[in-house]
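Line by line, the protein sequences give chains A and B. Position 262 of the first sequence, counting from 1, maps to 262 under the numbering used here, and the rest follow consecutively. If you count the second sequence from 1, you need to add 1000 to reach the numbering used here.
Think of the hints as simulated: they come from the structure by calculation, not from any bench. Please note that the accuracy of each hint is not assured.
As the list claims (entries may be wrong) - If you want the ones that stay clear, here's a sample from chain A, every Cβ over 12 Å from chain B, calculated:
#1 Val-13
#2 Ala-16
#3 Gly-20
#4 Glu-21
#5 His-53
#6 Glu-55
#7 Ala-65
#8 Pro-113
#9 Gly-130
#10 Pro-172
#11 Cys-182
#12 Pro-191
#13 Asn-195
#14 Leu-197
#15 Pro-217
#16 Gln-226
Stated by the list, open to error - The list that follows gives simulated cross-link-like pairs (lysine-lysine, DSSO-like), each with its CA atoms no further than 30 Å apart:
#17 B:Lys-1022 with A:Lys-45
#18 B:Lys-1029 with A:Lys-45
#19 A:Lys-39 with B:Lys-1022
#20 A:Lys-39 with B:Lys-1029
Glycine included, C-beta positions come from ideal geometry on N, C-alpha and C.
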Amino acid sequence: MTRPRLYSTEALVLRAAPLGEADRLLTLLTPALGKLQVKARGVRKTASKLAGHLEPLTRSLLHLARGQTWDTITGAEARESFLALKSDLALLFRALYVAEVADLLSPLEEPAPPVYALLLEGMRALMAPGDLDLLLRYLEVHLLLCAGFLPEFQQCTECREEVAPGRHLFSPQRGGVVCTSCGSPAHGDQPISINALKVLRFLSTATFGSLRALRVPSALHRELAQVLESFLRHVLEREVRSAAFLRLAVLGPSSLAPASAREA
Amino acid sequence: MATSDFYPAPAPVARLIEELHKLPGIGPKTAQRLTYHLVRMPGEEALALAEAILALKQKVITCSRCQNLTEEDPCPLCDDPGRDWATICVVEQPLDVLAIERTRGYHGLYHVLHGAISPMDGIGAEELRVRELLARLKGGSVQEVILATNPNLQGEATAMYLQRLMAPLVPRITRLARGLPVGGDLEYADEVTLIRSLQGRQEFSP
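Just need the whole structure built from these sequences, with the hints factored in.
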């Protein structure tokens, strides 16, 4: 889509990388223009008027000028800073993980109003009380759904039969659940419990509000995280880098020490 | 490609273009311009540049205490008896040490992390000089650690992370004040900066 020479959009800043002397290259998620990479000039200087409005995990109203390689930000006004997320390490690592998954699953310049709405609701939900791990699984499932990669949780992806309890496996390569006749652990298919499958089915149709009703035991949490991690790795063909930090955040403060410091 | 397919540059020229292109902020065109500028440069000036680069790699080491760049170990700052050895200021980069030293307002020691925690880039504590910092605190002589990482997302994450790690090891952990910059306009300030400024306000006695 060709953008006008000067345009305005609301955006959530997903990430920022240093560029040149004092600039930053920002990855934005916008509702109507999708994911954009834009240049923010001079924002690494202390007296920059724009810097505070363009920090990662900030929702801002932006004014931009079309450029040859990257569009340039000419004005910015923060609308939602998610300060509570940025003041707690465990919440911050979770929010950055969600932002990275959204970044990796979103193609450049494809309009994505549902992903934008989902991310904003997700950031707000992370700051509210509730089961934060279940919330992450919900966001993973719905980001996959928006990107068109939702795994099949109902029928065998090979023979299309309804899966019977206890007779199924999960296959990232084949895009979902497979029955024991079609799949085999020898081909990399992994066992998945019927309860994990039920939770995943529930998550794919649930809303933020309905998440609160669900109680998930910790063993099931680990299984859900593992299933979705392996599926994301298959779809993205790489690791989600911030996932490693998520595991630290979940385990609590003492585990945050680097391995070498713990040994010392 | 740095060189033309039709009129290939001489091999040494092409090699230098390729090497310069690896530097941050240097694109293929700038690399070409710099290379041809060096070709025209008097021999002794080009040699001086080459020697400066060599000396950098041969003589500059990191100080075993503060991890700052130095020619001798320990560095002059760590070896200075006039400095306050009970205070350590933790910064991200060697350039931050120069910035704080320029103020002439700080007389303690430093610790350079050589980066900041950045989950999306896969940079965690293992990639920074965190272990060396914790080792310096083990002796119990340090009374205050000043967290002077950048006031951005990575810097804040690093500060929060270090605070958790160091809390049992040092009596006082402080963070550089975050708020309105000198010469700035209040009306342009973002919500986070204003909140931090209000939280960090002080008694006013001009």
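Evaluated hints:
1. Val-13: Contrary to the label, A:Val-13 does not stay out of reach of chain B, its closest Cβ about 9 Å off (not over 12 Å).
2. Ala-16: violated, 8 Å
3. Gly-20: Non-interface label on A:Gly-20 violated, nearest chain B Cβ at 5 Å vs cutoff 12 Å.
4. Glu-21: violated, 7 Å
5. His-53: violated, 5 Å
6. Glu-55: For A:Glu-55, whose nearest Cβ neighbour in chain B is about 6 Å away, the distance does not exceed 12 Å, so it is violated.
7. Ala-65: The assertion about A:Ala-65 holds, with a minimum of 19 Å to chain B.
8. Pro-113: holds, 24 Å
9. Gly-130: holds, 22 Å
10. Pro-172: Since the minimum Cβ distance to chain B is about 22 Å, A:Pro-172 lies beyond 12 Å and the statement holds.
11. Cys-182: holds, 36 Å
12. Pro-191: holds, 30 Å
13. Asn-195: A:Asn-195 clear of chain B: closest Cβ-Cβ about 30 Å, beyond 12 Å.
14. Leu-197: holds, 30 Å
15. Pro-217: Nearest chain B Cβ is 27 Å from A:Pro-217, so the label holds.
16. Gln-226: Check passes; 19 Å lies beyond 12 Å.
17. B:Lys-1022 with A:Lys-45: holds, 25 Å
18. B:Lys-1029 with A:Lys-45: Judged against 30 Å, a Cα distance of about 27 Å means the pair holds.
19. A:Lys-39 with B:Lys-1022: holds, 21 Å
20. A:Lys-39 with B:Lys-1029: Distance ~20 Å between A:Lys-39 and B:Lys-1029 Cα, so the pair holds.
The structure fails hints 1, 2, 3, 4, 5 and 6 (numbered hints given earlier, in ascending order).
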